Amino acid sequence: MRRKHRRLRSEADLDITPFMNLMIVLVPVLLLNMVFAHTSVLELNFPDVDSSSVEEQKELQLQVVIFEDQLVVSDNQGGVIKTIANHEAAHDFEMLGKVMKELKGRLPDKRNIIIMPSSDTSYQTLVSVMDKVRSYEAVVAGDVVEAELFPEISLGDAPKRAEQS
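Everything in the sequence shown is counted per my numbering, starting at 1 for the first residue and increasing by one.
A few of these clues could be false.
Stated by the list, open to error - Below, computed lysine to aspartate or glutamate pairings styled on EDC-like, alpha-carbon distance capped at 16 Å:
#1 98 / 59
#2 160 / 68
#3 104 / 131
#4 104 / 69
#5 110 / 59
#6 110 / 152
#7 101 / 131
#8 104 / 148
#9 82 / 102
#10 160 / 59
#11 110 / 148
#12 104 / 146
#13 58 / 75
#14 98 / 148
#15 101 / 59
To be clear, the hints were calculated from the coordinates, so they are not data collected in a lab. In this text, all values refer to a predicted model and were calculated from it rather than measured experimentally.
Construct the complete structure from the given sequences, taking the supplied hints into account.
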């Protein structure tokens, strides 16, 4: 007679200790490296289809036109106020801020402005111009605060440049 040998089977325990150690290290590392996205919303005014009314032509309208090699600050009544050439192969946003402060000094009640980027303007350039046009940092009673310039920003298309001869 043959004897059957039965193996003693013991139940295997699942050892999750290495997995728990991995999680203890991995979770804080991922949390520390996570980038928190800050989303800000800018209110913009887009022109209407019938925006060429007579009343709007009489009202002074400031404009900043963004070209690849310069920024042009102008109005609809007197023409070009200031042409700001690029400084070291980049737009001179500091000079734009100075021009905006000067204009705000002359027109303290004016709150709106039109920014007209050309088709090849980068998003970062557009946002930088919007930041300089909207406000500037001022020191009041020892504190740095954001002083208002022209917070009501409208967007439009830049006019085509005249060919230089």
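Right, here's what the structure says about each hint:
no.	hint	result
1	98 / 59	23 Å, violated
2	160 / 68	12 Å, holds
3	104 / 131	15 Å, holds
4	104 / 69	25 Å, violated
5	110 / 59	10 Å, holds
6	110 / 152	9 Å, holds
7	101 / 131	13 Å, holds
8	104 / 148	9 Å, holds
9	82 / 102	11 Å, holds
10	160 / 59	23 Å, violated
11	110 / 148	11 Å, holds
12	104 / 146	14 Å, holds
13	58 / 75	11 Å, holds
14	98 / 148	13 Å, holds
15	101 / 59	20 Å, violated
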